[in-house]
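Going line by line, the protein sequences match chains A and B. The first sequence begins at 1 in the UniProt record's numbering and counts up one residue at a time. The second sequence begins at 1 in the UniProt record's numbering and counts up one residue at a time.
The hints are simulated quantities; they were obtained by calculation from the structure and are not laboratory data. A portion of the hints provided could be inaccurate.
[What the hints assert, rightly or not] Label-pair restraints from in silico Cβ distances:
| hint | chain 1 | residue 1 | chain 2 | residue 2 | range |
| --- | --- | --- | --- | --- | --- |
| 1 | B | P24 | A | S57 | 27 to 37 Å |
| 2 | B | P132 | A | P483 | 44 to 54 Å |
| 3 | A | E134 | B | E137 | 43 to 53 Å |
| 4 | B | S121 | A | E134 | 35 to 45 Å |
[Said to hold, decoys possible] Selected chain B positions facing chain A (in silico; Cβ < 10 Å):
| hint | residue |
| --- | --- |
| 5 | S15 |
| 6 | A81 |
| 7 | A109 |
C-beta atoms are modelled at their ideal positions from N, C-alpha and C, and glycine is treated no differently.
Each chain, written out:
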Amino acid sequence: MLASATAALLSLPGTGGIEHEGFVVSQVGGVPEYHWLRIQGADPRTGSLAAAHLDASPSLAALMGGPGALEAVAGRLRAAPSEVIERLSYGANAGPGPGSSAGPARPAAAASACVLMQLLLRDLDSLGWGCLEELDQDAARLTLAHTDPAGRRHRLRLTLPPDYPASAPKAATDLPTPLAFAWRPPGSGGPCGGPGPAQGRGQRRAREEGPGREDGAGSGAGASSSLVGVFAAFKQAVLQLQPLWAALEAIDRRCRVIDPPPSVSAARRHLGPPTRRLVCPALDSCTSAGSQGAPGAAGGGGGGGGGGGATLQLRLNPADPLGPPAPGGAVFLGPPEAVAALREALFGRLHQWSRDRDPVDNLEALLGQPLPPPLGGGPQGAQGGAAPAGDAEDGADALGECAICGMYVLPTEDGEGEGGSEGGSGGGADGVGGGLVPDVVCPTPACSAPFHSACLAEWLRSLPDTRVSFAKLFGRCTLCGNPITVKA
Amino acid sequence: MAKTLSSVAQRRIQSELTEWMRSPPEGCCLESCEPMTSWVVVMQGPEGHSRLYADEVFRLRIDFGEQYPLDPPDVVFLAPAPIHPHIYSNGHICLDILYSGNNGGWSPALTMSKVVLSLRSMLASATEKKKPPGDAEYCARVGNRSPKLSRWQFEDDKV
């Protein structure tokens, strides 16, 4: 029995292509044994192994179960993608977990590592090695990639517990809903365990988990007992999220989206949470009063349809992307005068929201105004003509990221309570789906650095020369050094 | 070393990284930012008046703590460190903006771009290449521990 093996391969340019030669170290009963191994005929330019030839010492052939087994390995090698050698040099290294530690436990651990490798190889053979993106050295973590019909790339990161396959692998994805699947250990009776301990991205709402979990469990078609089944559940989940990403892409294409910023490439935009922050159109009732509110927002008034600096934070429901925004799923931010009219227009006519139109059409119909198109390359970008490239920079500055944390929306752990306080338009921070926006500005006009009061208070509290008086902290601006105050 | 970072630190470092990629500070480039909490910056010696360091290349390591940006990161020169009156042979740098506390000048408004530029101008304004007083004794005493554990006196305003 080949209990565990370590391979060391050296690549040499030979006469008939690249030659890999080296040793495989086997550990049977704790005694290391070296076996010679050579792979010839890899194409020097493409690295293709189609014409490769595998030689091994008789001791290795015997260990693998005769010359027939060696031929089978060679066949598999020829069919493999060219990077397989690199991967093998990792994969083959996958020894028993406690490789360096205690002696007595070793044979058992080595045996289970061998079983694990066999399972892994079998699963990867049936999935195709092309979808394997990364395999950790100890074979306990691997990343599988899947490209969906629209060309978006998704990753499934699996962590195999020490007692795999008796207990389920842990799956982490960048999908907006957690991936759920039932696990049945191979060779056992009925399904057990229920949904795997799947994790989505860090701060998923409990509310969103409901539909996601049902979908996942329903798609699994019974319990999985191998990585093939888990990967199938993952592909199914990706398929079910297509309408969500299509809707988000339509928003990116037709609206001026400022978060995620336009600098985030199209290939990565589906990886974030299903939220978009859009610049709002100026409604008639607010155009005159709008510009005095937020400091620096005046830049939005010029030609581009900045809506007095108002923006809309929109979060689509992954299970129902075309439906009306859930409570807290659409939040207007900006000067109170500008926001009030927009809020009234949208929420007053929310019953007119239709699932037959995409969200952009719905927003335009309900607000009664076209949304500002993207700056630059947008389809209608040329029509306005009053938005030179420099305007984009101004727009970004006017919004003001906090000078301490560098973010506009600061996520809070207990975001739930904030969503309801939309009516309160005082000086306090607006809640944005569980986050704070900058609400303190440096009083020195030349500086005017914006801060989240939480960030500024935390910084001032850490300084020895900050004075506290009547629940206010008196300190100095981090940027200009002039006095600034904030609620403690 | 896998440190757990607060999400604020993580996003702030990420945004600094993006900003750095968009417009890197003059004469500097990022050699590594893997893991995200530990950067290695390659710095071309500045021209300056004296051209003391003009033909040299230095490497800096920046380690972010989980309290970043409220706490300054550890910034040290990797060996060989420049020979400069404010830089010890073990790479520790005597510059107030790198340290917080009573006499430190750190501010969370500083970004790594600005810090690196300050270091470069500190090199540019040097008038002679000499090691700080007590260099050997200091290095023997502190070795490779974090420079933030040392008590710094920032006296010289000129360089």
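Checked hints:
1. B:P24 with A:S57: 27 to 37 Å: Violated, since B:P24 and A:S57 (Cβ atoms, about 52 Å apart) do not stay within the stated range.
2. B:P132 with A:P483: 44 to 54 Å: 35 Å, violated
3. A:E134 with B:E137: 43 to 53 Å: 48 Å, holds
4. B:S121 with A:E134: 35 to 45 Å: The hinted range 35 to 45 Å holds for B:S121 and A:E134, with Cβ atoms some 42 Å apart.
5. S15: At 4 Å from the nearest chain A Cβ, B:S15 passes the 10 Å test, so the hint holds.
6. A81: 29 Å, violated
7. A109: The hint holds - B:A109 has a Cβ within 10 Å of chain A, the shortest such distance being about 4 Å.
Going through the hint list in order, the structure does not satisfy hints 1, 2 and 6.
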